[in-house]
Amino acid sequence: DTAVSQTPKYLVTQMGNDKSIKCEQNLGHDTMYWYKQDSKKFLKIMFSYNNKELIINETVPNRFSPKSPDKAHLNLHINSLELGDSAVYFCASSQDPPSTDTQYFGPGTRLTVL
Amino acid sequence: AQKVTQAQTEISVVEKEDVTLDCVYETRDTTYYLFWYKQPPSGELVFLIRRNSFDEQNEISGRYSWNFQKSTSSFNFTITASQVVDSAVYFCALSEADFGNEKLTFGTGTRLTIIP
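Chains as they are written, first to last, in this note's numbering: chain C, 1 to 114; chain P, 1 to 116.
Keep in mind that the hints were calculated from the coordinates and are not lab data. It cannot be assumed that every hint is accurate.
[What the hints assert, rightly or not] No more than 20 Å apart at the CA atoms, straight line, and that leaves these computed lysine to any residue pairs for SDA-like:
| no. | chain 1 | residue 1 | chain 2 | residue 2 |
| --- | --- | --- | --- | --- |
| 1 | C | Lys71 | C | Lys40 |
| 2 | C | Lys44 | P | Leu48 |
| 3 | C | Lys40 | P | Ile79 |
| 4 | C | Lys36 | P | Glu44 |
| 5 | C | Lys41 | P | Ala88 |
| 6 | C | Lys41 | C | Asp101 |
| 7 | C | Lys40 | P | Glu10 |
| 8 | C | Lys44 | P | Thr20 |
| 9 | C | Lys22 | C | Ser68 |
| 10 | C | Lys41 | P | Arg51 |
| 11 | C | Lys44 | P | Thr105 |
| 12 | P | Lys3 | C | Asp101 |
| 13 | C | Lys71 | C | Thr7 |
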């Protein structure tokens with residue numbers, strides 16, 4: 001049983017396209033996150049949601065729009081993709097209170113923008 | 001603002017040697033949490049340990065051990081008798097117990113290569 005799953009694992013697309021990455025967790029956690037890992041392996045938070053409410057938005061361009069239909073899902077939609085969006089995107093989840101609990105990560109989605 | 005520094009970008013050791021990965025953190029909070037994650041070549045992020053700021057006891061888990069010292073703001077990770085499977089990028093991370101700031105701040109990672 002996969003705790004935090006993401007689809008797709010790989011995503012190759014052209015500049016200007018719109019794409020989505022899905023994330024689901026079956027851990028019963030209340031908080032979910034999106035992190036971006038760049039080509040130098042640097043990991044940085046993008047968003048966090050607690051009980052479907054946005055908690056953190058780390059100055060991410062508004063081309064990125066997270067959507068949380070329920071506590072177990074946090075999808076990431078990206079409009080008008082740019083070359084600089086190429087990265088590995090990780091979804092994570094943690095129990096409440098999120099700031100004190102361990103975050104468990106999905107397998108990552110490698111996005112390549114051509 | 002919270003910050004994590006992993007000064008060692010890359011380390012290579014021969015199998016069975018011991019190796020220590022350094023982590024230095026900065027925070028203004030008195031309550032915070034420190035983590036280590038492993039990212040093997042397959043790419044996933046694997047949780048290794050979580051330690052709160054009030055517990056300075058060292059921890060040992062098999063070949064892994066962690067040394068937390070608040071006096072030097074360090075949370076170092078030692079692998080004893082290293083194995084090829086330990087080859088990975090290791091990240092140290094910090095989380096402040098601060099509502100509205102529920103995020104992990106990661107260091108830049110240390111790439112560990114174990115030479116057979």
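20 Å limit on alpha-carbon distance, applied to hinted pair Lys41/C and Arg51/P: Violated: Lys41/C and Arg51/P sit about 23 Å apart, past 20 Å.
Restraint check for Lys22/C with Ser68/C, where alpha carbons must lie at most 20 Å apart: With a Cα-Cα distance of about 10 Å, the restraint between Lys22/C and Ser68/C holds, given a limit of 20 Å.
Between Lys41/C and Ala88/P, is the straight-line Cα distance small enough, at 20 Å or below? 12 Å, holds
Holds or violated: Lys3/P and Asp101/C, Cα atoms, limit 20 Å. 19 Å, holds
Just to be careful, I want the Cα atoms of Lys40/C and Ile79/P compared with a cutoff of 20 Å; is the pair within it? With Cα atoms ~24 Å apart, Lys40/C and Ile79/P exceed 20 Å; violated.
Checking one constraint from the list: CA of Lys44/C to CA of Thr20/P, max 20 Å. Satisfied? 24 Å, violated
Hey, Lys44/C versus Leu48/P, does the alpha-carbon distance stay inside 20 Å? 19 Å, holds
Restraint status (C-alpha distance of Lys71/C to Lys40/C at most 20 Å): 31 Å, violated
For the pair supplied as a hint, Lys41/C and Asp101/C, is the alpha-carbon distance within the 20 Å limit? Not satisfied, since the Cα-Cα distance of roughly 23 Å exceeds 20 Å.
Hinted pair Lys36/C and Glu44/P, Cα distance within 20 Å: 13 Å, holds
For a C-alpha distance cap of 20 Å, please report whether Lys44/C and Thr105/P respect it. 7 Å, holds
With a cut-off of 20 Å on the C-alpha distance, tell me whether Lys40/C and Glu10/P pass. 13 Å, holds
Checked against the numbered hints listed earlier, the structure breaks hints 1, 3, 6, 8, 10; every other hint is satisfied.
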